Amino acid sequence: MDDKDLLSMYKEGKRETAFNLIVKKYGERLYWHIRKMVICHEDADDLAQNTFVKAWHALPEFREESRLYTWLYRIATNEVLTFLKRKKIRNIISLNEISRQLENSLESDSFFNGDEVQKALFKAIIKLPEKQRVVFNMRYFEEMKYEEMSEILGTSVGALKASYHHAHQKIQDAMEALL
Amino acid sequence: MKEKINIENPGLKENPFTVPLEYFETFPKSVSDRVFTPIVIRFKRTYIIVTSVAAALVLVFGTLSLTYYGEKNLNSLNQEYASAEKEAISGNLTNFSSEDIIDYLTYDDIDVTTLSLVD
Numbered sequence: 001m002d003d004k005d006l007l008s009m010y011k012e013g014k015r016e017t018a019f020n021l022i023v024k025k026y027g028e029r030l031y032w033h034i035r036k037m038v039i040c041h042e043d044a045d046d047l048a049q050n051t052f053v054k055a056w057h058a059l060p061e062f063r064e065e066s067r068l069y070t071w072l073y074r075i076a077t078n079e080v081l082t083f084l085k086r087k088k089i090r091n092i093i094s095l096n097e098i099s100r101q102l103e104n105s106l107e108s109d110s111f112f113n114g115d116e117v118q119k120a121l122f123k124a125i126i127k128l129p130e131k132q133r134v135v136f137n138m139r140y141f142e143e144m145k146y147e148e149m150s151e152i153l154g155t156s157v158g159a160l161k162a163s164y165h166h167a168h169q170k171i172q173d174a175m176e177a178l179l
Numbered sequence: 180m181k182e183k184i185n186i187e188n189p190g191l192k193e194n195p196f197t198v199p200l201e202y203f204e205t206f207p208k209s210v211s212d213r214v215f216t217p218i219v220i221r222f223k224r225t226y227i228i229v230t231s232v233a234a235a236l237v238l239v240f241g242t243l244s245l246t247y248y249g250e251k252n253l254n255s256l257n258q259e260y261a262s263a264e265k266e267a268i269s270g271n272l273t274n275f276s277s278e279d280i281i282d283y284l285t286y287d288d289i290d291v292t293t294l295s296l297v298d
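Here the protein sequences come in this chain order: A and B. According to the working numbering, the first sequence is numbered sequentially starting from 1. According to the working numbering, the second sequence is numbered sequentially starting from 180.
In case anyone wonders, no lab produced these hints; they're calculated from the structure. Computed from a prediction, not measured in an experiment: that's the story for all the values here. Treat the hints with caution; some may be incorrect.
Anything over 10 Å on all C-beta distances counts as not near chain A; from chain B, calculated [to be verified]: (1) I184; (2) V210; (3) Y247; (4) L253; (5) N257; (6) E259.
Here are the computed lysine-lysine pairs in the DSS-like style, where the Cα-Cα straight-line distance is at most 27 Å [to be verified]: (7) K208/B <-> K145/A; (8) K183/B <-> K127/A; (9) K123/A <-> K170/A; (10) K24/A <-> K183/B; (11) K4/A <-> K208/B; (12) K208/B <-> K25/A; (13) K131/A <-> K192/B; (14) K170/A <-> K208/B; (15) K131/A <-> K87/A.
Glycine included, C-beta positions come from ideal geometry on N, C-alpha and C.
Can you build the whole structure from these sequences, using the hints too?
Here is the structure:
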C-alpha cells in the first residue's frame, strides 16, 4: 500500500489501522537510520518509538506538502539531534566527550557483528559533527538522493554535496590512520 | 606496506548491527501500546509493577532482619539463662533470703527440720 492510500485511509477515519500500517512500513527503515547515529540499540529503540508517537500526534496537521516518508525522516532526525545535544550538555558537565561515549557503546555492543574494518569505519563516523554525520549516513549507507536529503534536512543540495564530500575525505583519512 | 583502504568498498557499506530476536515483529506493538493505551492504564501498570517490587523487597529484607535479630536475641537470652543456671549450680545462696529458701522448700514439700538434721 502506498503512502497516498495510507493517508486516505487515515482521513476516512480508519486512523489507528492506517497508523499501524505506517509503523509497519517505515519502522525498520527509520530504526536503522537512528541506530547508525546513536549506536546503542536501547537508545535507537526509544528514539524510534518516540518518532512514531510524535508522528501520531502531528498527523492531523500533516498537509502533504512533503512526502510522508520524508516527513517521518525529518521527525526521526530531529529526535536524534535533540538526543545527542542533550547528551552533549550532560557530557560537558561531566567533562566527557560524546564521541568517546559512543565509541564505548560500539566496543561493548553485543549487537555489533562487523569486523575490525567496519568497527574502524564507525569509530571514524562517530567523530564527525552530528549534522555532517547525518548527511554522511544518509548518502553512504542509505544511498539517498541529495534532493530527498534536502527535503528532509532543509538544506540546499549544494551544501549537502559539499558536506558529504568533506565527511568522506575525513573518514578516508581517519580510516587510514586507524588501520 | 600498509594496505590502502577504499571506503567505497561495497562490503563496508553492509549493516554491521543486529537487533534482539523478533525485534521488528514486536516493534509495531510497542509503538501502538504507547500511542493507544491510555495514560491511566499505563500508570496503573507502572504502579502495579512498582508496588510489587517494593512489596517483594520489604518481604525479603523483613525476613532477613527477623532471622538476623531473632537469632541475635535468642543467643543473648540463652547466655542469660546459662549464667543464671551457673550461679544456681555454684551453690552460692547468699543472694537469697532465708524466707525465699523456706518458701522454696515448702513449695517443694521438703521438711525444713529434716533438712536441718542432715546438716
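Of the numbered hints stated earlier in the document, which are not met by this structure? The structure conflicts with hints 1, 2, 7, 10 and 14, although it agrees with all the remaining ones.
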